[in-house]
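*Asks:* Residues per chain, in single letters:
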Amino acid sequence: MSQNEQGLEGPPPEERPHPDGRRNSQGIRIDPEVEAEPDSRTAMISALVEHEPGVLARVSGLFSRRQFNIESLTVGPTTVEGNARLTLLVEETEPGIDQIKKQLAKLKPVISVGELEERAVRSELVLLKVNGGEPDKVQAITEMYDGETLDAGPRTITIQLTGKHDEIEDALDAYRQFGIIEVARTGPTALSRGDRPTTPGEKPAAEATAVGVEPDGGTEQDGEAESQAETTN
Amino acid sequence: MSDSAQTTADPEADAETDADADQQAATETEPVTDGSSSIVRALENAGVEHAFGVQGGAIMPVYDALWDSDIEHVTMAHEQGASHAADAYGVVAGSPGIALATSGPGATNLVTGIADANMDSDAMVALTGQVPSDMVGSDAFQETDTTGVTMPITKHNWFADSADTIGDTVGNAFALAESGRPGPTLVDLPKDVSFEETDVEPGEPELPPGQDPPTTADSENVEAAASAIERAEKPLLLLGGGVIKAEATETARAFARDHGIPVVTTMPGIGTFPEDDELCLSWAGMHGTGYANMAITHTDCLIGVGTRFDDRLTGGIDTFAPEAEVVHVDIDPAEISKNIHADYPCIGDAGTVLDQLTDEMDHTPDAREWREQCQTWKNDYPMDYPVDKNAPLRPEFIVEAFDEATADDTIVTSGVGQHQMWAAQYWEFTEPRTWVSSHGLGTMGYGLPATIGARFAADADQDVVCFDGDGSFLMTLQELSVAVRENLDITIAVLNNEYVGMVRQWQDAFFEGRHMASEYNWMPEFDKLAEAFGACGWRVDNYDEVAPAIEEALDYDGPSVIDFHIDPEANVYPMVASGAPNGQFALSEDQL
Numbered sequence: 001m002s003q004n005e006q007g008l009e010g011p012p013p014e015e016r017p018h019p020d021g022r023r024n025s026q027g028i029r030i031d032p033e034v035e036a037e038p039d040s041r042t043a044m045i046s047a048l049v050e051h052e053p054g055v056l057a058r059v060s061g062l063f064s065r066r067q068f069n070i071e072s073l074t075v076g077p078t079t080v081e082g083n084a085r086l087t088l089l090v091e092e093t094e095p096g097i098d099q100i101k102k103q104l105a106k107l108k109p110v111i112s113v114g115e116l117e118e119r120a121v122r123s124e125l126v127l128l129k130v131n132g133g134e135p136d137k138v139q140a141i142t143e144m145y146d147g148e149t150l151d152a153g154p155r156t157i158t159i160q161l162t163g164k165h166d167e168i169e170d171a172l173d174a175y176r177q178f179g180i181i182e183v184a185r186t187g188p189t190a191l192s193r194g195d196r197p198t199t200p201g202e203k204p205a206a207e208a209t210a211v212g213v214e215p216d217g218g219t220e221q222d223g224e225a226e227s228q229a230e231t232t233n
Numbered sequence: 234m235s236d237s238a239q240t241t242a243d244p245e246a247d248a249e250t251d252a253d254a255d256q257q258a259a260t261e262t263e264p265v266t267d268g269s270s271s272i273v274r275a276l277e278n279a280g281v282e283h284a285f286g287v288q289g290g291a292i293m294p295v296y297d298a299l300w301d302s303d304i305e306h307v308t309m310a311h312e313q314g315a316s317h318a319a320d321a322y323g324v325v326a327g328s329p330g331i332a333l334a335t336s337g338p339g340a341t342n343l344v345t346g347i348a349d350a351n352m353d354s355d356a357m358v359a360l361t362g363q364v365p366s367d368m369v370g371s372d373a374f375q376e377t378d379t380t381g382v383t384m385p386i387t388k389h390n391w392f393a394d395s396a397d398t399i400g401d402t403v404g405n406a407f408a409l410a411e412s413g414r415p416g417p418t419l420v421d422l423p424k425d426v427s428f429e430e431t432d433v434e435p436g437e438p439e440l441p442p443g444q445d446p447p448t449t450a451d452s453e454n455v456e457a458a459a460s461a462i463e464r465a466e467k468p469l470l471l472l473g474g475g476v477i478k479a480e481a482t483e484t485a486r487a488f489a490r491d492h493g494i495p496v497v498t499t500m501p502g503i504g505t506f507p508e509d510d511e512l513c514l515s516w517a518g519m520h521g522t523g524y525a526n527m528a529i530t531h532t533d534c535l536i537g538v539g540t541r542f543d544d545r546l547t548g549g550i551d552t553f554a555p556e557a558e559v560v561h562v563d564i565d566p567a568e569i570s571k572n573i574h575a576d577y578p579c580i581g582d583a584g585t586v587l588d589q590l591t592d593e594m595d596h597t598p599d600a601r602e603w604r605e606q607c608q609t610w611k612n613d614y615p616m617d618y619p620v621d622k623n624a625p626l627r628p629e630f631i632v633e634a635f636d637e638a639t640a641d642d643t644i645v646t647s648g649v650g651q652h653q654m655w656a657a658q659y660w661e662f663t664e665p666r667t668w669v670s671s672h673g674l675g676t677m678g679y680g681l682p683a684t685i686g687a688r689f690a691a692d693a694d695q696d697v698v699c700f701d702g703d704g705s706f707l708m709t710l711q712e713l714s715v716a717v718r719e720n721l722d723i724t725i726a727v728l729n730n731e732y733v734g735m736v737r738q739w740q741d742a743f744f745e746g747r748h749m750a751s752e753y754n755w756m757p758e759f760d761k762l763a764e765a766f767g768a769c770g771w772r773v774d775n776y777d778e779v780a781p782a783i784e785e786a787l788d789y790d791g792p793s794v795i796d797f798h799i800d801p802e803a804n805v806y807p808m809v810a811s812g813a814p815n816g817q818f819a820l821s822e823d824q825l
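As given, the protein sequences belong to chains A and B, one line each in that order.
The working numbering puts the first residue of the first sequence at 1, with every later residue one more than the last.
The working numbering puts the first residue of the second sequence at 234, with every later residue one more than the last.
Where hints are given, some of them may not hold.
As the list claims (entries may be wrong) - Within a straight-line C-alpha distance of at most 16 angstroms, the following computed EDC-like cross-link-like pairs (lysine to aspartate or glutamate) qualify:
id, chain 1, residue 1, chain 2, residue 2
1, A, LYS101, B, ASP800
2, B, LYS622, B, GLU483
3, A, LYS106, B, ASP565
Claimed, not checked - Below, a sample of chain A positions facing chain B; criterion: calculated Cβ distance under 8 angstroms:
id, residue
4, PRO13
5, ARG16
6, HIS18
7, SER25
8, ARG29
9, ARG41
10, ASP98
Simulated from the structure, these hints should not be mistaken for lab results.
All C-beta atoms in this analysis are idealised placements derived from N, C-alpha and C, irrespective of residue type, glycine included.
Take these sequences, add in the hints, and give me the full structure.
*Replies:* Set out below in structure tokens:
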């Protein structure tokens, strides 16, 4: 054989033609001269799950082992007995968000997964404990942010705030002058606006339907009326 | 089973069957009496004929119920062997294999095999004993959080909490394992639940909501994909293991031939297309053929069916099939655009979607030049090796000698390493379910226990040949005791180079030849070790001895081991370095 001792026959790598095309790290064909790597964005994902033992471990394990960036996770029961809703705030590239939704849907206890639209109703709850030295000033800020004083003593004041993420951040900034001692935040939870189900195909429990809420199976609503009626937090 | 076990089981059996004259008939229709008998009934209802496992404290009630069943239990030497045997059984049989183990170490020993099955999407059901429910969480003797440990490596797992539903759970675990994209499932069985009385017979298995994926792909996507294939000038079909799991081999073959589309397979897809067919370019990827890697680099339309575009296939993502529009057919939506973006996603069953594509295609792509190009590459990059009768044995020669000595339907199993690549490269596969290996997880030690599982699933007249490495063989060779006890007609070819060969090859290529922990320097004499186990052993050092030893080993009606002392410096080429472009495969070390 006309080859080196271990080698195989054939033109070596440098003599082979190679196409000019390239893919990015998401496996998408790109023009390497033009395209940059895609940016990540924040997405609010709602998952309707069977409320069975281990479901949180399955979801958090999935995020951990697939290295999905998760910012917050809230969980609680729904109108349907035995179901729970998980609301996840994630930050990923577009293909990453797509993967999160698909991998979540593969988990056996997960009934359905939806991404909340930008205009969905979102809110989070915060408890914070500040120094009680200036109760009047603290009270003024609490009123300004529609908060509620839950506990007031000579040394500390504990306040509850609810609202959108940015409003909460603003409020926390305002309290910082007094010295924030402790904070507990739930992370945002959310529902879709109008009668569009929050996750595809989601149906309320029978009694909710009886009082007039009829799910429409996920068709896009015009939503104009709902937007105008939007309540501010 | 031991005599004492028989004594324990007898009184119960007598009590059950006294009333009936026909003891055999009574045994078959015996009603469910407790959790354990419900578990076994669920397995019987699912058509299970074999189970692989190891006894132990917490699983004893289930084993006791197996005493009355027609299910044949194979006692393995180690639970890892049980999980690999069950995995391989499933690969060959096309229905889930069953692995049984006790709690704690029994369950954790199963883990490697479960992870292996998970990576290769092999259907398998693991049943593990667990400490009694009231002791769970107390760090009891032989307690492990088995559902916690196996959560990331199963499709789903269950902790059984009631004897009334335990049979349903096992039936559902079996159904889920083989549905959609197959994979392993596990049911953890606390001892008290297995013992608990119940007369509830397991019902019809049910898939959980959302776990029974549609088989038919979206028709608009199929239409678009069909047009893309029609207008392609360099179409290439990439057939993965999913084609075999979907029983779509015939459909895929017809699709390629009817449309004149060249075929590349993945490693798990070996056997989907006959490698002696002119259209077949064998398998692509790290150690795939040069022509397969050329084709996958230059195709303008890659039709991936039942593949997850694993990194060992793609090489560097940036240079993978860089000019190709990708049609991706897969039953698992999460695989679409996970690694490689799918221009035409077709989510559904492989066979169904290929039929849909055929229905949508008005004409075949004009690919005559492309087919000729593929043939040119076949001629440019032949798979060959030097044979010098005075030099040490070439491993490739041994693989080809076995291939010649055996029928087309012979099942080939392997461990993981160089020997696995030589077996995959130089054996000419023509049938599905004849290549059984550890692909995704790359589990050294898979070979022998997998051979045992494959033997139980194979037809009686099928040969089962295992290519193993010396390092791989040493990891699980205690299972030879099982092969001897069960008198299994298997042949194990150890390609012995006294190295962790693939590691040694990489050290030579990438670590300046520093053979840290890859030289064994000493290995047991495997032929004599085989004899000590009660198997038949040969040692082969020369070319002249190869064919006679193979013939004798194949003729021997029982387990046989041939210890082939091969050229220790033999390497696996072609090779695409990790993350390198497939088209830049090296033909020798100096090209890396």
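*Asks:* Against this structure, judge whether each hint is valid.
*Replies:* Quick rundown of the hints versus the structure:
For the suggested pair A:LYS101 and B:ASP800, the alpha carbons sit about 51 angstroms apart, so the restraint of at most 16 angstroms is broken. For the hint linking B:LYS622 to B:GLU483, the alpha-carbon distance of about 41 angstroms lies beyond 16 angstroms, and the restraint is violated. The straight-line distance between the Cα atoms of A:LYS106 and B:ASP565 is roughly 9 angstroms, inside the 16 angstroms bound, and the hint therefore holds. At a threshold of 8 angstroms, the smallest CB-CB gap from A:PRO13 to chain B is about 4 angstroms, leaving the interface hint in force.
About 6 angstroms separates the beta-carbon of A:ARG16 from the nearest beta-carbon of chain B, less than 8 angstroms, and the hint is met. For the restraint placing A:HIS18 at the interface with chain B, the shortest Cβ-Cβ distance is roughly 5 angstroms, inside the 8 angstroms limit, so the hint holds. Using the Cβ-Cβ criterion of 8 angstroms, the hint placing A:SER25 at the interface with chain B is satisfied: the shortest such distance is roughly 6 angstroms. At about 7 angstroms, the closest approach between the beta carbon of A:ARG29 and any beta carbon in chain B falls short of 8 angstroms, and the interface hint on this residue holds.
Proximity of A:ARG41 to chain B is violated relative to the hint, the smallest CB-CB distance being about 17 angstroms (cut-off 8 angstroms). For A:ASP98, the shortest C-beta to C-beta distance to chain B is roughly 7 angstroms, which falls under 8 angstroms, so the interface hint holds.
Of the numbered hints given earlier, the model fails hints 1, 2, 9; all others are met.
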